[in-house]
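So the sequence lines, in the order shown, correspond to chains A, B, C and D. Just so it is clear: in the first sequence, position 98 is 98 by the numbering used here, and no numbers are missing. Just so it is clear: in the second sequence, position 22 is 22 by the numbering used here, and no numbers are missing. Just so it is clear: in the third sequence, position 37 is 37 by the numbering used here, and no numbers are missing. Just so it is clear: in the fourth sequence, position 261 is 261 by the numbering used here, and no numbers are missing.
What the hints contain is simulated information worked out from the structure, not anything from laboratory work. Don't take every hint at face value.
As the list makes no split between identical chains, a pair holds if one copy fits it or if it spans any two.
To be verified - No more than 30 Å apart at the CA atoms, straight line, and that leaves these computed lysine-lysine pairs for DSS-like:
id, residue 1, residue 2
1, 135, 326
2, 205, 44
3, 205, 176
4, 333, 205
5, 205, 296
6, 176, 235
7, 333, 263
8, 186, 142
9, 205, 80
10, 44, 296
11, 135, 44
12, 296, 186
13, 235, 80
14, 333, 235
15, 307, 80
16, 176, 120
17, 326, 176
18, 263, 186
19, 205, 326
20, 235, 44
21, 263, 135
22, 142, 307
4 protein chains.
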Amino acid sequence: MKKSEFTSSRKREHLEICCENDIETGFAGFDDIRLVHNALPECKLESIDMSVRFLGHNLSSPVFIAAMTGGHPDTLQVNKNLALAAEHFNIGMGVGSQRAALENPQLSDSFTAVREAAPKAFLCGNLGAIQLVEKGPEWADKAVEMIDAQALCIHLNPLQEAIQPEGDHDSNGCLKAIDELSRTSKYPVIVKETGCGISRETAQKLWSAGVSAIDTGGLGGTSWAAVETLRAEDKNLINLGRNFSDWGIPTAVSLIEIAGFEKPVIATGGIRSGTDIAKAVALGANLCGMALPLLKPAMENSDSLNKAIDNIHRELAVSMYLTGSKNITSLSKSRTYITGITRQMAGF
Amino acid sequence: MKKSEFTSSRKREHLEICCENDIETGFAGFDDIRLVHNALPECKLESIDMSVRFLGHNLSSPVFIAAMTGGHPDTLQVNKNLALAAEHFNIGMGVGSQRAALENPQLSDSFTAVREAAPKAFLCGNLGAIQLVEKGPEWADKAVEMIDAQALCIHLNPLQEAIQPEGDHDSNGCLKAIDELSRTSKYPVIVKETGCGISRETAQKLWSAGVSAIDTGGLGGTSWAAVETLRAEDKNLINLGRNFSDWGIPTAVSLIEIAGFEKPVIATGGIRSGTDIAKAVALGANLCGMALPLLKPAMENSDSLNKAIDNIHRELAVSMYLTGSKNITSLSKSRTYITGITRQMAGF
Amino acid sequence: MKKSEFTSSRKREHLEICCENDIETGFAGFDDIRLVHNALPECKLESIDMSVRFLGHNLSSPVFIAAMTGGHPDTLQVNKNLALAAEHFNIGMGVGSQRAALENPQLSDSFTAVREAAPKAFLCGNLGAIQLVEKGPEWADKAVEMIDAQALCIHLNPLQEAIQPEGDHDSNGCLKAIDELSRTSKYPVIVKETGCGISRETAQKLWSAGVSAIDTGGLGGTSWAAVETLRAEDKNLINLGRNFSDWGIPTAVSLIEIAGFEKPVIATGGIRSGTDIAKAVALGANLCGMALPLLKPAMENSDSLNKAIDNIHRELAVSMYLTGSKNITSLSKSRTYITGITRQMAGF
Amino acid sequence: MKKSEFTSSRKREHLEICCENDIETGFAGFDDIRLVHNALPECKLESIDMSVRFLGHNLSSPVFIAAMTGGHPDTLQVNKNLALAAEHFNIGMGVGSQRAALENPQLSDSFTAVREAAPKAFLCGNLGAIQLVEKGPEWADKAVEMIDAQALCIHLNPLQEAIQPEGDHDSNGCLKAIDELSRTSKYPVIVKETGCGISRETAQKLWSAGVSAIDTGGLGGTSWAAVETLRAEDKNLINLGRNFSDWGIPTAVSLIEIAGFEKPVIATGGIRSGTDIAKAVALGANLCGMALPLLKPAMENSDSLNKAIDNIHRELAVSMYLTGSKNITSLSKSRTYITGITRQMAGF
Ligand SMILES: Cc1cc2nc3c(=O)[nH]c(=O)nc-3n(C[C@H](O)[C@H](O)[C@H](O)COP(=O)(O)O)c2cc1C
Ligand SMILES: Cc1cc2nc3c(=O)[nH]c(=O)nc-3n(C[C@H](O)[C@H](O)[C@H](O)COP(=O)(O)O)c2cc1C
Ligand SMILES: Cc1cc2nc3c(=O)[nH]c(=O)nc-3n(C[C@H](O)[C@H](O)[C@H](O)COP(=O)(O)O)c2cc1C
Ligand SMILES: Cc1cc2nc3c(=O)[nH]c(=O)nc-3n(C[C@H](O)[C@H](O)[C@H](O)COP(=O)(O)O)c2cc1C
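For reference, chain A alone in the conformation it holds in the complex (with noise of 0.2 Å):
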């Protein structure tokens, strides 16, 4: 089996595992924080305006399909059901991590669907950090042309790496790469943790480095150490994957530490509801990831994935209504109440 191959078909048993198992783990912290209620919104539900603007660009919603696949002949259909919602919603979209399409151009296919499905979307591509530094940002650009990206998405896994037999096991120079990539690119780049957050101690690092925006993927949702453990066979790595599966920053803890510093945040990691979205956006989201709950329905068929992006889409509106917020801007001044261990996370 050739490393691309191998690299792909891992990614056709990631769908499965996260589809029909419980893989979410730790808390994400948002049902410490509260919006506060606003009986007099003075404004109509129905004009709210959820609209934002990231990265130079005008998004419908701060809804994020956050990265999830691509690289696999069985991904396509997933991934152009995806797209065709974040080109009917107007909302911002990832792909999944690209080095199986980059490895193999063969498999590229179901990347490129992406684009052909979602012509004017805001589109990211996604590299990992370890892929920038062994290829070098020529990687980096031919991923943001694979699918005419917008942004990329570099990132950041140790954990999953850590836990993994056949893991990188070695970080050094991704700082380096990143900040290279971030001064010299012509797209913006976004770095991303998929589920272990990050610290106010990388932000500043990443923020220095140049970086144009980050997405916390904060613990609370679905955990990789709990995949790879569910795909491991070693008895010692599975041991080793469940001591580590509530390892990381929750998300709204890592939002608290990284938002505030005037940059674009995502806020990514179970996420569940248009009201834990609002709550994200209050503490200084600027968009919101969802995976794991767009993935499923994305799986069925193209309604279903639209019915559930409504449906999120009006719980936000409701929670926007209901804190009296006509925009994204005014929301997120709003104030919150944080109780509980975010509480004495976040050092209140």
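Start from chain A and add chains B, C and D with the ligands according to the hints.
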């Protein structure tokens, strides 16, 4: 079906749902509040003076029969029983929304019966803020005249409206309409929520608008999201209702936020005993509204209702006695212990 | 039935209810308190000096047999067993309310038997504050004379009285009567609650009134509301009792509020082990009263009771040893960890 | 039965009780501690340097095999397995109390076997502080000589002694004896608790006495009160043991109290994974002792034990990698989240 018929049949449906289902959600916060025992009350239990002065009226206790019903012939007996109790105990009472009867005067019997049964009681009319915007101060005046009310409650219920298919989703102009009414009406205007609470910010706007009193109508008692969810048939609306069933500011938190401005405040929402009333008074409430706990006995008969109120009064008197509060003013100055989530939400 | 007969038969009923039912409610707070382990005690367990000086008397330990019974022939044996233990261990003991025996001197045998069995023990008489108001200092003197007491406990029990149909609901004049008695009596006056605790404010009044010591009698042990609820037949009273069964200030909180004024303090209410006693002493208690845990063995026989007290002493000694406290003064200065609701109620 | 025989048979009994029963009580506090994920580790997992310098010795990791056994022929194999692991991994190891072998030199085989199996390892002798007082520094020297130890652990176990019928209840002179030994011995003296923790106050006395290192030996792991309770037959002693089974300072709290004084600290008690070790290091520990989790595999065979330690090392390495700590010094400076009761006990 004409609009007024529709409104009125919905009223009846509400009463039934409330009596037969568990429609209380969230937490009101009173479990997090403890009164400070006074081992030396230095007074006589039977001489405890529970009377309050509210908007220029002398009431025998802070118990307030919160707005519930009217507008459908089937609700006449309930309203009559409630009114008889208000008269018997000399306590305040609010009628349910008078919208149906204003739309269709033939439906006003269940309201006029209230004043007949309670010729001297402190009665409050009831109108939605949205109706006030639509129909202007004339309807407000008519509502007051219909029951010869001492005051008018303008209710705010954006959540209930937002999750109802037939709901009014436009709350523009509510504050302005309230402002105008407050400044021109001959009767005092009370603004109340109906289960989601009033925040400090909203209260400040309302005080500036010149309202005479605010009713918290906080989270933790009857949940309209829960009621509407039970009425709903559309699956999406049921989900929406569920997601918002614990939306809002707990009554105790809302009370802490809006009290202390030398303005009359009513605490309503999840108040379930005379001790809860004592806690609310200690936190700054002038009156304490109860709906659901009085609805069930009121639907049985006048006797059941009077016994229920007797018990509440007894508990309040004992609570006052045990905090050494000879009267409500003294109780309102007594110290409390605030713990748990309520302590965190209140920012202590 | 004469009043004294009634009082006395109620006494017997109480003992039975306490022994056969779960009548402990609320939380005393000692679970939220942890002593600081001292790995270098630098003393000998067997030389630990648990003796205390209290109101001029030398007692062998802070264990105080809290007021329980007397006034009915059936209680004579229990009282005798308690007295034998007080004498045997040289610890303090309070008798139950002497009201019945003061009303009807024929009922005084169960009290005089206490002094006979404990000729040298530190004994406290017991009278309700309300009886003191009604009958004046003469009764107080008579109560002391009846058992040749070293001190008199005046008990405050407004909750118990308030929820009893036959209860005395007037507590006017209690403070004044206590003040007069404290200033004129030849014996020290101790004021105690019986399950609801003494607040800082009440303590200040009592210190100003010149009382010699205060007993917290806090929440978390025997609940008189629970006892009266079990005795009650009237449904309304049962409900009232239940609603107030966890009313009051937890013993640990009361202790924190009233200690630290250089005045003798007894901690009573929910103290269930020698470790609880050590915690109470560390929080500022001079003596620690126990009622219920001693009642059961005392109703068996003298031996059971002595074993129970031996065990409590052993636990106390080990707790002192493990905090490196050679004597009670040293224990009273030791650091504690205060967590949970008790921490919040104490305002830390 | 001679004293040494008695001591030695008790040793064997302990091992069996520990392996077959649930003898862990209380909470160590590590669940309340969370490490801060670093999404940009900038290092290589396989290059993580877990080595530490401790009392002048270079050890390959902070894992320390805590004092467990020796002194009975049946324990020889276990001790040999532990020693082989210490040698294999170049980690520190403490032997169990050498008292029995000092009393009866025929019992020293199970100790000398340790040095034979681990000719180069960092080994610590072990003697109770009370034996040190009784027998003087000669015994300490003999204990060290017996295994040619690099350091001597003086253990403090006042709780275990206090609840044992045959226990030594006199801890007078311990501090003085430790002081003298520390100032005169040629080897470093480490003072350790055995399950109840060292407080800030005790640590200060020990640092002043000149000890080289302190081992928390905190609450939350093996509980000697629990072990002794299982061994006890006397009902009173069983009760006493139960009442004290969660006595003590949680390891994490003890660690926070005693770390930060530029003095070597060992964290022991309830450390159950490599992640717990990483947390302890981040809180200030130099070494982390584990007893129970190593006892079970050590009783199986050398291979099981090595696998267990491999797994712990792997978890520690991954934890270091994921906090971006290339070495232990870096880990020791990393930020932590402290929540819950541990946060309250630590006074934050
Ligand atoms: C099936 C699946 C595949 C994913 N693949 C990628 C990926 O290739 N690249 C990436 O950056 N994140 C990937 N993610 C992580 C998501 O983008 C997201 O950060 C994470 O799932 C947390 O969001 P959630 O809790 O809403 O699922 C994947 C997530 C899922 C569920
Ligand atoms: C059956 C029912 C009908 C109600 N109708 C009205 C109404 O018409 N207008 C209004 O302002 N509030 C209405 N309310 C809200 C109550 O006045 C009150 O704010 C709310 O029920 C919270 O109090 P509770 O927890 O004691 O029930 C109604 C409540 C109930 C239970
Ligand atoms: C059976 C019984 C009878 C009591 N009678 C009296 C009494 O007559 N006078 C009094 O001051 N307290 C009385 N008490 C209250 C106790 O003195 C004590 O304050 C209370 O029980 C709390 O302690 P505990 O939790 O250890 O039981 C009585 C308690 C019990 C259990
Ligand atoms: C079976 C066993 C025997 C022990 N014997 C000793 C001993 O002789 N001397 C000593 O200082 N500590 C002794 N300990 C205590 C340990 O060194 C350690 O402090 C304690 O068990 C807490 O660590 P753990 O929770 O990882 O077991 C013993 C522990 C166990 C489990």
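Each hint, compared with the structure:
no., hint, in the structure
1, 135 x 326, "between (45 Å within a copy, 24 Å between copies)"
2, 205 x 44, "between (42 Å within a copy, 19 Å between copies)"
3, 205 x 176, "within (10 Å within a copy, 49 Å between copies)"
4, 333 x 205, "both (26 Å within a copy, 17 Å between copies)"
5, 205 x 296, "neither (35 Å within a copy, 44 Å between copies)"
6, 176 x 235, "neither (36 Å within a copy, 51 Å between copies)"
7, 333 x 263, "both (15 Å within a copy, 28 Å between copies)"
8, 186 x 142, "within (12 Å within a copy, 67 Å between copies)"
9, 205 x 80, "neither (35 Å within a copy, 49 Å between copies)"
10, 44 x 296, "neither (32 Å within a copy, 36 Å between copies)"
11, 135 x 44, "between (51 Å within a copy, 18 Å between copies)"
12, 296 x 186, "neither (34 Å within a copy, 59 Å between copies)"
13, 235 x 80, "between (37 Å within a copy, 27 Å between copies)"
14, 333 x 235, "neither (49 Å within a copy, 33 Å between copies)"
15, 307 x 80, "within (16 Å within a copy, 47 Å between copies)"
16, 176 x 120, "neither (32 Å within a copy, 42 Å between copies)"
17, 326 x 176, "between (41 Å within a copy, 17 Å between copies)"
18, 263 x 186, "within (18 Å within a copy, 53 Å between copies)"
19, 205 x 326, "between (35 Å within a copy, 17 Å between copies)"
20, 235 x 44, "between (57 Å within a copy, 23 Å between copies)"
21, 263 x 135, "within (28 Å within a copy, 47 Å between copies)"
22, 142 x 307, "neither (34 Å within a copy, 44 Å between copies)"
Checked against the numbered hints above, the structure breaks hints 5, 6, 9, 10, 12, 14, 16 and 22 and satisfies the rest.
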